[in-house]
Amino acid sequence: MTAPGFGFTARSRPSGFLKTVLQSGMGRPVKQLKRVTLQFCDNGSKSRFARLFVENHLTDFARKHPTVVVYAMPKRDAMPQVCAEYLNGEEEMHELDHKHPDEILEAVETLAGRSGLPLIRIRKDWHTYTPSIQGEWHPFVNKKDYDIQKKIDFSIKLWDAWTPRKNAWAKYYRADELDKLTNRPILTYEEKSELPLGKWGPQLPPIY
Amino acid sequence: MLNMRRMIRLQFPLCKQMLASPTQGTRKYTSKPGNPQLEPVNKNSIMFARWKKHWYLSMARKKNIEGEEPEEPRSTRENWNYEAEFAAFKLRLQIDVADDDLRAAFTQPLPERDDVVDYSSLCTKGNILIHEFVKHYINLSFPKLCDEGKSTILDYLCSTKQLAHIAFNLGYKDFIQCSPFPPSSEVFAESFQASIEAIAKGSGGPVAAGKFILDFIIPQLIGKDILHDIWKPENPMKILTQELQNQGKPGPEARLVRQSGISSTLPVFFIALYSGKEFLTEGAGESIELAETDAAKLVLKRIYGVEPNSRAIMMGVVVDDEFLEKLFAPLMQQRQQITGSG
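Residue numbers (the UniProt record's numbering), protein chains in the order written: chain H, 1 to 208; chain C, 1 to 342.
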């Protein structure tokens with residue numbers, strides 16, 4: 001019970017799906033980080049690298065991200081910290097004691113690239129509002145009405161591999177997309193023999 | 001001396017996160033920083049500084065009596081530079097506005113002062129601009145939809161709740177000056193409308209305002225089923241009969257085609273709709289009425305061209321120049337009139 005990590009497993013952690021703030025990305029891109037505050041001591045040894053970061057890297061960072069307001073706040077005896085504030089009202093703090101300027105820069109850059117949404121376990125690498133185009137299952141899914149009286153055609157038919165077949169998915173095409181099927185470019189025999197993988201297929205390396 | 005560090009941290013609070021609840025010690029839950037959401041399930045496993053027990057208890061008692069502390073505007077904190085924030089705001093949203101106009105859009109006048117005309121005029125003009133643009137957009141992108149459906153989409157997109165949500169997530173809260181603080185959703189919506197009018201007054205003209213609306217208000221339609229989530233008609237069967245009448249077809253006829261598990265907890269009924277001898281569609285539901293409304297909604301979606309598998313709504317990458325020309329034609333005319341007269 002007293003162990004700090006008790007019950008701290010992947011299943012018990014909060015999880016969610018990928019999402020963006022305000023459907024961002026559909027319109028113009030908006031950087032979600034609005035403010036970065038760097039606090040450090042002007043004298044302490046723990047803030048040494050933070051001071052180096054302010055001297056060498058901070059202006060470059062501010063120039064690179066013009067939409068982010070950067071504050072550097074030296075305070076006697078303060079721990080070196082960086083506080084990031086996002087457009088959706090979230091705030092996040094990183095401790096920077098004994099961290100190399102490169103590490104600090106990395107931390108700040110990751111903060112700048114984030115959306116401000118909580119870091120939780122993402123269940124899938126993608127998200128969709130319509131997860132199933134087939135619809136919900138019900139007892140009549142895949143139920144086929146067989147016509148018993150229909151006679152089966154047992155005659156043998158020969159097909160060439162290149163003869164166009166009827167597309168089985170034709171009924172799932174939109175009405176205005178059907179011309180993709182009907183007006184398909186038909187290649188001649190010579191073109192096919194020269195390019196076995198099709199006109200737009202990958203080019204095979206020559207065989208010597 | 002583990003707690004000295006906490007003491008120091010409490011003396012220099014930079015953000016809210018550093019002051020945890022008084023009954024609980026501040027503690028890093030993970031070895032890696034930047035993950036405040038990952039809290040352990042058993043919070044009793046976190047030990048707080050025992051020598052600070054009385055301080056914690058008194059803080060908890062104070063909170064019990066006085067309640068939560070009121071939220072203060074962001075500008076009261078030490079790290080706040082108005083000019084820098086203002087410039088960053090304009091750069092972030094890629095808008096070219098006169099500073100005075102935008103500042104007027106952010107400041108809500110006090111009730112005693114009646115001489116401030118800027119804010120109210122900006123609000124009303126911006127509201128009209130948004131309504132006209134969104135209406136024109138809906139007419140262009142949902143041509144088959146009936147007037148009632150169009151008006152519901154318009155109401156949905158221009159509602160106070162929607163506009164306030166957008167304004168909050170674009171960082172308007174830091175700049176809005178109003179009393180009492182924090183601003184209500186109405187104040188958010190008003191200031192958002194006013195800011196759009198301010199953009200229309202700027203160098204980009206009404207076209208820039210239109211682009212702003214297209215980028216931020218219209219994408220709220222993503223993931224929404226227009227008939228099921230936005231319109232929510234009470235009696236879709238009635239609307240369907242009217243639509244079929246307008247097309248000159250016989251009215252819909254419902255037939256029970258399949259059913260299963262009627263006596264169970266999960267019954268399924270299938271209702272097919274026919275107009276004359278033409279099969280329209282088949283809808284399923286837990287009761288016959290639900291199945292009928294479902295089927296009617298499916299037919300209506302097909303008639304109005306708002307099926308989930310129909311073409312994507314015109315926004316973002318999908319829009320082409322032809323559509324944009326049509327969309328911005330009335331705004332361009334407005335701009336020409338303004339420049340011609342002035």
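It is worth saying that the hints were derived from the structure and are not from the lab. The beta carbon of each residue, even a glycine, is placed where N, CA and C say it ideally should be. Mixed in with the good hints there might be a few duds.
[Stated by the list, open to error] The calculated lysine-lysine pairs, modelled on BS3-like cross-linking and capped at a C-alpha distance of 25 Å, are:
{"#": "1", "chain 1": "H", "residue 1": "Lys19", "chain 2": "C", "residue 2": "Lys326"}
{"#": "2", "chain 1": "H", "residue 1": "Lys150", "chain 2": "C", "residue 2": "Lys173"}
{"#": "3", "chain 1": "H", "residue 1": "Lys19", "chain 2": "H", "residue 2": "Lys46"}
[What the hints assert, rightly or not] Simulated restraints, written as ranges between beta carbons of each label pair:
{"#": "4", "chain 1": "C", "residue 1": "Ile288", "chain 2": "H", "residue 2": "Ala175", "range": "27 to 35 Å"}
{"#": "5", "chain 1": "C", "residue 1": "Ser184", "chain 2": "H", "residue 2": "Pro14", "range": "48 to 56 Å"}
{"#": "6", "chain 1": "C", "residue 1": "Phe279", "chain 2": "H", "residue 2": "Thr163", "range": "29 to 37 Å"}
{"#": "7", "chain 1": "H", "residue 1": "Asn56", "chain 2": "C", "residue 2": "Ser75", "range": "26 to 34 Å"}
{"#": "8", "chain 1": "H", "residue 1": "Arg28", "chain 2": "C", "residue 2": "Ile230", "range": "21 to 29 Å"}
Do the hints match the structure? See the list:
1. Lys19/H / Lys326/C: Outside the cut-off at roughly 31 Å; violated.
2. Lys150/H / Lys173/C: With Cα atoms ~71 Å apart, lysine 150/H and lysine 173/C exceed 25 Å; violated.
3. Lys19/H / Lys46/H: violated (37 Å)
4. Ile288/C / Ala175/H: 27 to 35 Å: Holds, since isoleucine 288/C and alanine 175/H (Cβ atoms, about 32 Å apart) stay within the stated range.
5. Ser184/C / Pro14/H: 48 to 56 Å: The hint (48 to 56 Å, Cβ to Cβ) is violated, given that serine 184/C and proline 14/H are roughly 30 Å apart.
6. Phe279/C / Thr163/H: 29 to 37 Å: Roughly 34 Å apart at Cβ, these two residues keep to the hinted range, so it holds.
7. Asn56/H / Ser75/C: 26 to 34 Å: holds (31 Å)
8. Arg28/H / Ile230/C: 21 to 29 Å: 25 Å Cβ-Cβ, so the 21 to 29 Å window holds.
The structure is inconsistent with the numbered hints 1, 2, 3, 5, although it conforms to all the rest.
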